[in-house]
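Novice: For reference, the chains in residue letters:
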Amino acid sequence: MTNSEQQTWTAVITSRKPLFDIPFGELWRYRDLIVLYVHRDLISIHKQTILGPLWYFIQPLLSTVVYQIIFGKIIGVPTDRIPPFLFFMSGIVIWHYFSACLSKSSSTLTGNSGLFTKVYFPRLAIPIAQIISSLWQFLIQLAIFFGFYVYFLWNGAPIHFSYRIIIVPVLIFQTALLGLGVGCFIAAMTTRFRDLQLAVAPLIQMWMYGSCIIFPLSAAPPELQNILILNPIVPIVESFRFAVMGQGQIEIWQWLVSLVVTLLALAVGLIMFNRAEKTMADTI
Amino acid sequence: MLALSVENVSKVYRLGEINRQQLLGDMKRWVKSKFNPAHSFGDPELEAEQEPRALDLFHALRNVSFEVSEGDTIGIIGANGAGKSTLLKLISRITLPSQGTIRIRGRVGSLLEVGTGFQGVMTGRDNVYMKGVILGMTRREIAAKFDDIVSFSGVEKFIDTPVKRYSSGMAVRLAFSVAAFLEPEILIVDEVLSVGDQQFKDRCVAKIEEVIKGGCTMLFVSHVGEMVSRVCRRGLYLKSGSLEYDGDTATALEKYEADQPAATSPQGVARPKQAPKTA
Numbered sequence: 000m001t002n003s004e005q006q007t008w009t010a011v012i013t014s015r016k017p018l019f020d021i022p023f024g025e026l027w028r029y030r031d032l033i034v035l036y037v038h039r040d041l042i043s044i045h046k047q048t049i050l051g052p053l054w055y056f057i058q059p060l061l062s063t064v065v066y067q068i069i070f071g072k073i074i075g076v077p078t079d080r081i082p083p084f085l086f087f088m089s090g091i092v093i094w095h096y097f098s099a100c101l102s103k104s105s106s107t108l109t110g111n112s113g114l115f116t117k118v119y120f121p122r123l124a125i126p127i128a129q130i131i132s133s134l135w136q137f138l139i140q141l142a143i144f145f146g147f148y149v150y151f152l153w154n155g156a157p158i159h160f161s162y163r164i165i166i167v168p169v170l171i172f173q174t175a176l177l178g179l180g181v182g183c184f185i186a187a188m189t190t191r192f193r194d195l196q197l198a199v200a201p202l203i204q205m206w207m208y209g210s211c212i213i214f215p216l217s218a219a220p221p222e223l224q225n226i227l228i229l230n231p232i233v234p235i236v237e238s239f240r241f242a243v244m245g246q247g248q249i250e251i252w253q254w255l256v257s258l259v260v261t262l263l264a265l266a267v268g269l270i271m272f273n274r275a276e277k278t279m280a281d282t283i
Numbered sequence: 000m001l002a003l004s005v006e007n008v009s010k011v012y013r014l015g016e017i018n019r020q021q022l023l024g025d026m027k028r029w030v031k032s033k034f035n036p037a038h039s040f041g042d043p044e045l046e047a048e049q050e051p052r053a054l055d056l057f058h059a060l061r062n063v064s065f066e067v068s069e070g071d072t073i074g075i076i077g078a079n080g081a082g083k084s085t086l087l088k089l090i091s092r093i094t095l096p097s098q099g100t101i102r103i104r105g106r107v108g109s110l111l112e113v114g115t116g117f118q119g120v121m122t123g124r125d126n127v128y129m130k131g132v133i134l135g136m137t138r139r140e141i142a143a144k145f146d147d148i149v150s151f152s153g154v155e156k157f158i159d160t161p162v163k164r165y166s167s168g169m170a171v172r173l174a175f176s177v178a179a180f181l182e183p184e185i186l187i188v189d190e191v192l193s194v195g196d197q198q199f200k201d202r203c204v205a206k207i208e209e210v211i212k213g214g215c216t217m218l219f220v221s222h223v224g225e226m227v228s229r230v231c232r233r234g235l236y237l238k239s240g241s242l243e244y245d246g247d248t249a250t251a252l253e254k255y256e257a258d259q260p261a262a263t264s265p266q267g268v269a270r271p272k273q274a275p276k277t278a
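Going down the list, the protein sequences come from chains Z and G. Each residue of the first sequence is one higher than the last, beginning at 0 in numbering that gives the first Met the number 0. Each residue of the second sequence is one higher than the last, beginning at 0 in numbering that gives the first Met the number 0.
Just chain Z, with the same shape it has in the complex (with noise of 0.2 angstroms):
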């Protein structure tokens, strides 16, 4: 086979799985895909609930003010001079978008199987799209988050605004990354072993206690801070509250250091998903 005429080929399907072969250029092609799957997410997910998208309100709030009474008033969680409200709010919005993207991805193999083993493209369009529709969500918790930041801040809270707020598009950014990639992994993986599927939600539930939610990394002895670092929800959550609030502790490198295992965690996501979803029809 010479070069000239492999060229005219649009697809050349073998057995062979190259590691890192993430169709880019095809999910530009199905970008019609991803906006009608939000569309759908976001059309949908309302239908035939009587409050709506009051439930984007509700929600954060009542954890917000669940968590402020438990560790904030009973338990006594130090909050590093962050009003606890606007501490526990920061934490709890940041981590349901970064478990939605997760859970969310990592169902999308086994839960379009009847979909997935009918018709082709590329898969990756759909946690994309999902982590795209709960953004969504998310922007309005964030938008309800300023609102009492605003508030507090008239009020004369010890919290300051500044420059630094311009790192928040990217800290959302690497928050959606992340999810993605670790729900990725999961997807790959469930799709030969389903006990994962069931592992999900506690695993969520775990991680956020390991993610300074509740507490601030401040309060977490110093050797414990080295290791719960490396967990890239700590710099991403206590960087968002150092530069919404320019109150906290966390140093640049904590945050470089979440950025590389947030890469890496992609990467490996990716390369499992990709090679998963070449044969789960077989699998699934």
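No lab work stands behind these hints: they were computed from the structure. It is possible that some hints are incorrect.
Claimed, not checked - Capping the alpha-carbon separation at 25 angstroms, the derived lysine to any residue pairs in SDA-like fashion look like this:
1) G:Lys212 / Z:Thr7
2) G:Lys212 / G:Asn62
3) G:Lys163 / Z:Ser43
4) G:Lys31 / Z:Ser43
Stated by the list, open to error - Stretch-level coverage of chain G by chain Z, calculated; a stretch enters the list once three of its residues show a Cβ under 8 angstroms from a Cβ in chain Z:
5) 96-103
6) 119-133
Quick caveat: nothing in here was measured; it's all calculated off a predicted structure. Glycine included, every Cβ here is placed at the ideal spot set by N, Cα and C.
Go by the hints and put chain G onto chain Z.
Specialist: Chain G in isolation, oriented as in the chain Z frame:
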């Protein structure tokens, strides 16, 4: 110009359940393939070496090779479990071959089991768009063909009603219509003509003939010999995963018919034991 080339393609399935031991096997295989790059996943030689019980492997396709020129219509004939669906799955990229190479020019559209990709809560209109993009069309393309799709399906009145309120026939007709207007370079049709009433079936056949006239390459699977000989110029006869005959449709059908009575007694007994999940 070739539209499709299938070269020495085999597909091997492992029989039995995926279980705990397989995790260990996978790891061993992976380590081995890293140290010995000649070996890879799905390589039947390696699989045979790992699992010496040859009975555990099922060859859905063995060394199948053929080429299809642009505009050809091919009928694929064979008994249940002969590998027809596996071949179509490989060409539509739903799974990978264990060996061999498939080369494709242009977009592949498959009318495999219509009715997939519909969301009950969404209206017929939204579902047409959804199904269209899943099949690989762009929103603009769908918008241009939208009226034709809807009038072909005959559900104009209900297009803004959620699909969950459709009768099953209406949903299937709408789904088929989207696929029929995909205008791919290669069209794969698998037993879809069992949908809808007689009137709709006739319309489908007419549409398929129109598509063929338009120069579309087509692979056609049907148990109805009459349909195959009416539509296809060339027939491929698959028998137990091997390509038994490749030539004009009439001869292929004759060979298939001739094998039928002889095949029922020895194969009919062995079949259910051998191929539980690959059919």
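Novice: Against this structure, judge whether each hint is valid.
Specialist: For each hint, the structure was consulted:
In summary, the hint linking Lys212 (chain G) to Thr7 (chain Z) is supported, as the alpha carbons are separated by about 24 angstroms, within the 25 angstroms threshold. Using a Cα cut-off of 25 angstroms, the hinted pair Lys212 (chain G) and Asn62 (chain G) is violated, with the two alpha carbons roughly 32 angstroms apart. At most 25 angstroms may separate the alpha-carbon atoms for a hinted pair to count; Lys163 (chain G) and Ser43 (chain Z) meet this at roughly 13 angstroms. Annotation: proposed proximity of Lys31 (chain G) to Ser43 (chain Z) is violated, straight-line Cα distance about 47 angstroms (limit 25 angstroms).
Closer than 8 angstroms: that is the beta-carbon criterion, and the stretch 96-103 of chain G has 8 residues meeting it against chain Z, so the requirement of 3 holds. A stretch counts as covered by a chain when three or more of its residues have a beta carbon under 8 angstroms from one of that chain; for the stretch 119-133 of chain G and chain Z the count is 7, and the coverage holds.
In this structure, the hints that do not hold are numbers 2 and 4, in rising order.
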